[in-house]
Amino acid sequence: MTCQFCDAPATVTLTEIVNKQKRVLRLCDPCAKKNKLFADAPGGAAGTVHVPALLGLLGAAGPAPATPAETAALTCPDCGLQYGEFRATGRLGCPAEYDAFRPALEPLLTRIHRADAHAGKTPRAVRAARRDDRLQELRRRMAAAARDEDYEEAARLRDAARQEEAGQ
Amino acid sequence: MNLDTLLPNLGEWLRGTGPESDVVVSTRIRLARNLAGFPFANRASAAQKAETAAKARDALAKAELPYTLDYIDVPGLSPLDRQFLVERQLISRELATVLEGPRGVALDQKESVSVMVNEEDHLRLQVLRSGLALTEAWEDIDKLDDALEARLGYAFHDQFGFLTACPTNVGTGMRASVMLHLPALGLTKQIEKVFRALQKINLAVRGLHGEGSRAFGDLYQISNQVTLGKSEPKILAEIGEVIQTILQYERQARNALLKERRQAEQDRVARAIGTLGSATMITSEETMELLSAVRLGIHQRLIEDLPATTVNQLFIHTQAAHLQKLMGQPLDGEERNAARAKYLKTKLRELGSAR
Ligand SMILES: [Zn+2]
Ligand SMILES: [Zn+2]
Numbered sequence: 001m002t003c004q005f006c007d008a009p010a011t012v013t014l015t016e017i018v019n020k021q022k023r024v025l026r027l028c029d030p031c032a033k034k035n036k037l038f039a040d041a042p043g044g045a046a047g048t049v050h051v052p053a054l055l056g057l058l059g060a061a062g063p064a065p066a067t068p069a070e071t072a073a074l075t076c077p078d079c080g081l082q083y084g085e086f087r088a089t090g091r092l093g094c095p096a097e098y099d100a101f102r103p104a105l106e107p108l109l110t111r112i113h114r115a116d117a118h119a120g121k122t123p124r125a126v127r128a129a130r131r132d133d134r135l136q137e138l139r140r141r142m143a144a145a146a147r148d149e150d151y152e153e154a155a156r157l158r159d160a161a162r163q164e165e166a167g168q
Numbered sequence: 001m002n003l004d005t006l007l008p009n010l011g012e013w014l015r016g017t018g019p020e021s022d023v024v025v026s027t028r029i030r031l032a033r034n035l036a037g038f039p040f041a042n043r044a045s046a047a048q049k050a051e052t053a054a055k056a057r058d059a060l061a062k063a064e065l066p067y068t069l070d071y072i073d074v075p076g077l078s079p080l081d082r083q084f085l086v087e088r089q090l091i092s093r094e095l096a097t098v099l100e101g102p103r104g105v106a107l108d109q110k111e112s113v114s115v116m117v118n119e120e121d122h123l124r125l126q127v128l129r130s131g132l133a134l135t136e137a138w139e140d141i142d143k144l145d146d147a148l149e150a151r152l153g154y155a156f157h158d159q160f161g162f163l164t165a166c167p168t169n170v171g172t173g174m175r176a177s178v179m180l181h182l183p184a185l186g187l188t189k190q191i192e193k194v195f196r197a198l199q200k201i202n203l204a205v206r207g208l209h210g211e212g213s214r215a216f217g218d219l220y221q222i223s224n225q226v227t228l229g230k231s232e233p234k235i236l237a238e239i240g241e242v243i244q245t246i247l248q249y250e251r252q253a254r255n256a257l258l259k260e261r262r263q264a265e266q267d268r269v270a271r272a273i274g275t276l277g278s279a280t281m282i283t284s285e286e287t288m289e290l291l292s293a294v295r296l297g298i299h300q301r302l303i304e305d306l307p308a309t310t311v312n313q314l315f316i317h318t319q320a321a322h323l324q325k326l327m328g329q330p331l332d333g334e335e336r337n338a339a340r341a342k343y344l345k346t347k348l349r350e351l352g353s354a355r
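Sequences listed follow chains S and Z, in order. Sequential numbering of the first sequence, starting at 1, is according to UniProt numbering. Sequential numbering of the second sequence, starting at 1, is according to UniProt numbering.
Note that these hints are calculated values from the structure, not bench results. Computed from a predicted model, the values in this text were never measured in an experiment. Hints should not be assumed to be uniformly reliable.
[Claimed, not checked] Think about it this way: if two alpha-carbon atoms lie no more than 27 Å apart in a straight line, the pair counts; the simulated DSS-like pairs of lysine-lysine are:
1. LYS193(Z) / LYS33(S)
2. LYS342(Z) / LYS325(Z)
3. LYS189(Z) / LYS33(S)
4. LYS325(Z) / LYS33(S)
[As the list claims (entries may be wrong)] Sample of chain S residues lacking proximity to chain Z, with all beta carbon distances greater than 10 Å (derived):
5. ARG26
6. LEU74
7. ASP78
8. THR89
9. GLY93
10. ARG134
11. LEU135
12. ARG140
13. MET142
14. ALA143
15. GLU153
16. ARG156
17. ALA160
18. ARG162
We treat Cβ as the ideally placed atom computed from N, Cα and C, and that holds for glycine.
Okay, chain Z solo, but in the shape it has when bound (with noise of 0.2 Å):
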């Protein structure tokens, strides 16, 4: 697969639409597993490595799937296309910059699929989607761990269920993830104590690039810590149900800053939507802000012209592995940042003269 054919495209996960999408980017459902017999990837040599991945390389092309996954070799990419899978949530950091030897990820054209080979479990298995989908998740990462399994053995123990190389994800090996969008929480202040409440419950909650109370581009990450004791269906009902809360509060208050100040927010979107029209050096962190503005504008019902996917799209295109392949040559950061700005001026005036 040339990974430039991937990068006009935006996985299907980022269309903007599905169930709750106002406030639900994606969802995704990650399933650790071990081949029986082998010592985990930490443990293995490069020649049981390198096994490994033929093994899973094998099961990978062979499993019978609705979809083709293609697969490609880590160590034979270049550092920025590395960059790049990371950036669209395909592999994992560690995968592309940590880890050593035989490793590598089998994705489908829609990138909803993603199966990493000896990242620190020798398959990590991936099902993006667009929206809040558990369940749909869930059905499509079942039906491709159970191809898969049919191929491979499996490390599997009576008490401990599906074992791993770190004994927080021992059991059903899963961690679904539920990405979402609380611009209005941030605004008014009430995410601590969303978090605050989350944590009670057992679930992680991670700001996207970000540090302290608010993420940049308020985008936030609610995941399970429990792997051990419940069944999948379980945990995501869980998850989804704790997701339902969190939907109210932040259409409650994107409505009560409509209602109170309806002029400061369309205030806000518009300075947004200028500073990124017209901006001539920008930075990653300010680029997602300012987006974070404009989307909840759309869903606000702000803005009209301007389709969620584009600014989704805006928001992987102007990271710095995306800026550099579109531009077709290495940028140092201050040229990224121009770069950024060229980038966000054009795409906004195209969708101006569509108009």
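The shape of chain S in the complex, shown without the other chains (with noise of 0.2 Å):
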């Protein structure tokens, strides 16, 4: 297997598949290095993929993926910022873009994490917010339960609301 930019052996292959499509980048560590491929992130996290050079690769390497036109027409109703301009500096602009330009964010996380969900830690601000959701619905329910008579699910409504009260 040689590089596609070069006719050295390849010591770099990248593969994603989008709409059941294989395409596969193969390159030299000369053509990753040039390429900037795994470029010295600021505040030392070093040997991490390059955004840009990735998107851009993945470009230059076969058939685009099947939206396009679509995905460059992403733009952030926050601050404005184009797809196109995240792709150039693989930087995004503000928080709102993770949901604008979820699309193709989403292939792009999973290749670089091979996962596109969070399993950390949640802050304190959005657990509380979620058990408030969640006291509220407890609540809600148990309203129509006692509306409609049935005491039975109202008691067990009450007491699941005082355990989450209790935070448990």
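Take the two lone chains and join them into the complex the hints point to.
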């Protein structure tokens, strides 16, 4: 297997599957370096994949993703950053883009992290808000059960709400 | 905070002690955090950056923590002081020289905690520890993170976790790095093999200031690449496991060197100390190479009376900005090489007379 940019043996292989179409990118070390695929990020996070380089190389390596027009037209409603600008710099402009660019970001995140959902720490404020939501829902159902004279269900929901309030 | 008070000290993380300190120099955990309702720092106006900096500064001052954090305004620092903080590993080169506008860093007295403000992300929390201390460092930074979160609204997403300017940091926002001293793996040419294995399991390896297969001073930093889809403790456990394996390899290689060529090893260490103590001009690269040999010699018990802490101190104090601050004047490259040699000579002589 040779590098797609020169004839040297390939040492880096990146695969992505878009609409059941497999695209493979093969590079030799010098070409990966030359394209700055593994760049030193600030703050000592070295050796991480350089996002603009990755996007650029994938674009050059074969047929573009199925919806290039759609992704290219994505614009952030909050700060006005366009997806194309993100592609060029590898840096997002504001938190809203994680939703605004979601169709394009999700495959990218999967490629970088081999996962697309957070499994770590949740801020206390977010946990508290989620608990408030759950409590409100329980109280709403409790009121409905009482209205329907289903007192057994209402009692069960009341206990559940108490437990939730106690932080269990 | 007057930076000159930091100069004679050594950050606690450089004590040269702690678990596995024969191989592990230090552990660092960093968390990237952003404030909700503001653009990321790269797209924020000067006014918005001033606002995020003010919010961060206020939270840092009021956070309930067992230590106090002093805020340093980076634009107000001289280029030399900025470089000094970079050499001390307390701020990034970007925060020091590339970025513009309101930005800063908050530090504790022991230099174990630092919080960069308006770097690539609004906040970059960092905890440094001597030796291998992933769990302890995590506990510290987790508390710091909670204390700041109580006063700041973080940008957090139900699916993607903590939101960051670069998608490579999203999720936990956590980068854990362990700095290893691997001279024996370098000498026995096994280091490449270790690197290939690491890259396969998605850990990044970087030589400190080095190019190619062997880094200056045989110092390597290993860190996680994945920040999304795994919990913080899981990421740390995975790194910890890999570090144990590398520790084993390095120690085996050290023992083999001692067993197979003890005299050559003794000679190497003696020559290193000899050069460090007698050179009149010495570059920072050569200094690191020689100090690496000395550090290995200390842990192989080929040198008895030179503390590892001193070697760590020499590593840091012989860098450009430190030297210039120690000498109290700006120095060009040639002058630095002479000043470095003089400093090393004095320090080693002090040790000699203390014997
Ligand atoms: Zn090539
Ligand atoms: Zn935006």
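Tested hints:
no.: 1; hint: LYS193(Z) / LYS33(S); in the structure: holds, 20 Å
no.: 2; hint: LYS342(Z) / LYS325(Z); in the structure: holds, 15 Å
no.: 3; hint: LYS189(Z) / LYS33(S); in the structure: holds, 23 Å
no.: 4; hint: LYS325(Z) / LYS33(S); in the structure: violated, 36 Å
no.: 5; hint: ARG26; in the structure: holds, 16 Å
no.: 6; hint: LEU74; in the structure: holds, 14 Å
no.: 7; hint: ASP78; in the structure: violated, 8 Å
no.: 8; hint: THR89; in the structure: violated, 8 Å
no.: 9; hint: GLY93; in the structure: violated, 4 Å
no.: 10; hint: ARG134; in the structure: holds, 14 Å
no.: 11; hint: LEU135; in the structure: holds, 18 Å
no.: 12; hint: ARG140; in the structure: holds, 21 Å
no.: 13; hint: MET142; in the structure: holds, 26 Å
no.: 14; hint: ALA143; in the structure: holds, 27 Å
no.: 15; hint: GLU153; in the structure: holds, 29 Å
no.: 16; hint: ARG156; in the structure: holds, 28 Å
no.: 17; hint: ALA160; in the structure: holds, 22 Å
no.: 18; hint: ARG162; in the structure: holds, 26 Å
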